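Chains G and L are the protein sequences, given in the same order. All residue numbers for the first sequence refer to this note's numbering, where the first residue is 1 and numbers rise by one. All residue numbers for the second sequence refer to this note's numbering, where the first residue is 1001 and numbers rise by one.
Hints were generated in silico from the structure; no laboratory data involved. It should be emphasised that the depicted structure is a prediction, and the values quoted were computed from it without experimental measurement. Using N, Cα and C, we set each Cβ at its ideal position, and we do this for glycine too. Worth double-checking, as some hints may not be accurate.
Claimed, not checked - Sample of chain L residues facing chain G (criterion: CB under 8 Å; computed from the structure): (1) A1068; (2) L1070; (3) P1088; (4) P1090; (5) A1093; (6) V1094; (7) E1116; (8) W1126; (9) Y1146; (10) R1148; (11) M1154; (12) A1166.
This is what each chain is made of:
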Amino acid sequence: MTVTSATGTMRIVRPRRVIRRSEAKWTWLLVGVIAAILLIWEAAVSWLQLIPASFLPPPTAIAVSFGKLLVDPEFWAAFGYSLGNVAIGLVIAVVVGVTVGLAVGWSPVLRFTVAPFLWLLYSTPKVALAPLFILGLGLGSESKIALVFLLAVFPIILNTMEGAVTVSTSLVNAGRVYGVNGVALGWKIIVPATLPYSLSGIQRGAALGFTGEVLGEFLGGTGGLGHMLEYAAYQFQMDDAIAMVIVMVIIANLTLLLISTLRRRLAPWYDDRKIAGAS
Amino acid sequence: MTTTSIERNEAGAPLISVRDLSVSYDVARTGKRLTAIEGVDLDVHEGEFITVLGPSGCGKTTFMNVVAGLVKPTTGTVLVGGSPVTGPGPDRAVVFQDYALLPWRTVFDNVKFGLEMQKELKGAGWRERVQEAIELVGLAGFEQSYPRELSGGMQQRVGLARAIVAEPRILLMDEPLGAVDALTREVMRDEIEKLMAATGKTVLFITHSIEEAILLGDRIVVFKSHPGAIKEIIETGLERPRSERSIQHDPRFLELRDHLWDALQGEATAAAVSK
Ligand SMILES: Nc1ncnc2c1ncn2[C@@H]1O[C@H](COP(=O)(O)OP(=O)(O)OP(=O)(O)O)[C@@H](O)[C@H]1O
Ligand SMILES: [Mg+2]
Chain G
1 MTVTSATGTM
11 RIVRPRRVIR
21 RSEAKWTWLL
31 VGVIAAILLI
41 WEAAVSWLQL
51 IPASFLPPPT
61 AIAVSFGKLL
71 VDPEFWAAFG
81 YSLGNVAIGL
91 VIAVVVGVTV
101 GLAVGWSPVL
111 RFTVAPFLWL
121 LYSTPKVALA
131 PLFILGLGLG
141 SESKIALVFL
151 LAVFPIILNT
161 MEGAVTVSTS
171 LVNAGRVYGV
181 NGVALGWKII
191 VPATLPYSLS
201 GIQRGAALGF
211 TGEVLGEFLG
221 GTGGLGHMLE
231 YAAYQFQMDD
241 AIAMVIVMVI
251 IANLTLLLIS
261 TLRRRLAPWY
271 DDRKIAGAS
Chain L
1001 MTTTSIERNE
1011 AGAPLISVRD
1021 LSVSYDVART
1031 GKRLTAIEGV
1041 DLDVHEGEFI
1051 TVLGPSGCGK
1061 TTFMNVVAGL
1071 VKPTTGTVLV
1081 GGSPVTGPGP
1091 DRAVVFQDYA
1101 LLPWRTVFDN
1111 VKFGLEMQKE
1121 LKGAGWRERV
1131 QEAIELVGLA
1141 GFEQSYPREL
1151 SGGMQQRVGL
1161 ARAIVAEPRI
1171 LLMDEPLGAV
1181 DALTREVMRD
1191 EIEKLMAATG
1201 KTVLFITHSI
1211 EEAILLGDRI
1221 VVFKSHPGAI
1231 KEIIETGLER
1241 PRSERSIQHD
1251 PRFLELRDHL
1261 WDALQGEATA
1271 AAVSK
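The whole structure should be built from the sequences, with the hints applied where relevant.
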């Protein structure tokens, strides 16, 4: 859609309203479906008693547990502990991943020697290494941060690498013609051209990193949301456990939303649909 | 034809001097070497407007890239201002065939890129220069648009503005009006001619249009393919200023057009047969 503003400037504007309206229809449908499922669930457990409430608590009980969680200081402590570990692990993964990805993507020598190992490591089920991390680094934060890092770093490296490899020669040529050389070439051409790819890798890395944190706490931890969840499950407090799972789903989705907003802010020129990325 | 010489009869050393230039590429897929151009000789004097014509794939871009310092000669020498070309330099700006705009920069910042590494950017007045170049190519009002929001022809004009703003001694233009519509093309053509006449710049201008080559060029360099080489060089000898209308019935224009038409048709047929 082309809009001519008061100053006569033509700008290409996305037809937001149109998208919103058709999206709204689907949102209502989704809300309806969820409401129906909750209603059937409530009916099956509380009224018809088809399933024992101790095994699958009804939505109302979960809602009560969820409400209690939100005012429980212990929950917020666990929340801070988990998110702190994820944040630290993720920051290290971003720094290492972007640096390694740019280096390997840009240097043909590294690409032919190092890249095959990166792909090999990427496809290794790193979750299997989790017990080793607990044994090696202990029950504290260190083992969790290491796990977050390990899971998050590969998608970041590989996406950044793909971005750096696909920087077109003509952009580099344009840079050289107008006097951009050496470090400036990296900074003015390679990095911005790669940024959308890196961000897409970071998005994936964040999701995997969060999984790593919860897994680490499960396997052997002294705190955090995963630990709390495990505790509730052992006590057969299913309403608490399910409320915890919901919290995690919310956190994971908020993180993804945050990063995709960041991506649109930092790389507004980039068409989202064009990024396939290493998945 | 009247004149065929690698050198124009003019006093002084040429600004660009190409001798026995050939370029071959390694083709990774087949492991063979492909000779893109061979035995190219050309002298270009300061202030000359050279147009380059030739069938697709005959090595026009390759030739220009060597002069730009982006591709190294396999054999032969290229001198600019008397010294061998070792890489790009501020004395040469390029309008790329594929535009080569930075997608993360707005039109304004893309044009500014032409000045980015020049010292002028630190001084005053660069904003006005960028704005002037944008207006020259008819993109006023689009300063804050991103390249992906523009049509192909508009993107091409951003590339043109970026080269013009750099105020180089030599302008290398690779089909700079290829994606522009006929009407805008005529306007841009006039602008380029006027600008070059006013500033006395030296231009190498690749085009696929015979009319454009005649209209703009002091000399026309015709390339042939397999391997790419110069087939002939023709001095147009038409009065300036020229306009599409004024030369339309000029017998010299008609003579040149027929001649070039035959030359290129022969080339195109040869290229098709050899494939
Ligand atoms: N980087 C490269 N690697 C290998 N071969 C190349 C490369 N660049 C060009 N060539 C080959 O060299 C030949 C000349 O290409 P070039 O781009 O110079 O032609 P052109 O005259 O500019 O064509 P067009 O008019 O279609 O733009 C072609 O056969 C092409 O396949
Ligand atoms: Mg070309």
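Hint-by-hint comparison with the structure:
The closest approach between the C-beta of A1068 of chain L and any C-beta of chain G is roughly 6 Å, which is under the 8 Å cut-off, so the hint is satisfied. At a threshold of 8 Å, the smallest CB-CB gap from L1070 of chain L to chain G is about 5 Å, leaving the interface hint in force. Hint on P1088 of chain L holds. Least Cβ distance to chain G is approximately 5 Å, under the 8 Å limit. Annotation: interface hint on P1090 of chain L holds; nearest CB of chain G at approximately 6 Å, less than 8 Å.
Taking 8 Å as the C-beta contact cut-off toward chain G, the hint placing A1093 of chain L at the interface holds, the least distance being around 7 Å. Checking V1094 of chain L against chain G: minimum C-beta separation of about 5 Å stays under 8 Å; hint holds. At its closest, the beta carbon of E1116 of chain L sits 6 Å from a beta carbon of chain G; the interface hint therefore holds under the 8 Å criterion. Nearest Cβ of chain G to the Cβ of W1126 of chain L: about 14 Å, over the 8 Å cut. The hint is violated.
Hint status for Y1146 of chain L: holds, given a least beta-carbon distance of 5 Å to chain G, under 8 Å. For the restraint placing R1148 of chain L at the interface with chain G, the shortest Cβ-Cβ distance is roughly 6 Å, inside the 8 Å limit, so the hint holds. Residue-level restraint check for M1154 of chain L is violated (minimum Cβ-Cβ distance to chain G is 10 Å; threshold 8 Å). Contact between A1166 of chain L and chain G, as hinted, is supported at the beta carbon level, the nearest pair being about 7 Å apart and thus within 8 Å.
Of the numbered hints stated above, those contradicted by the structure are hints 8 and 11, listed in ascending order.
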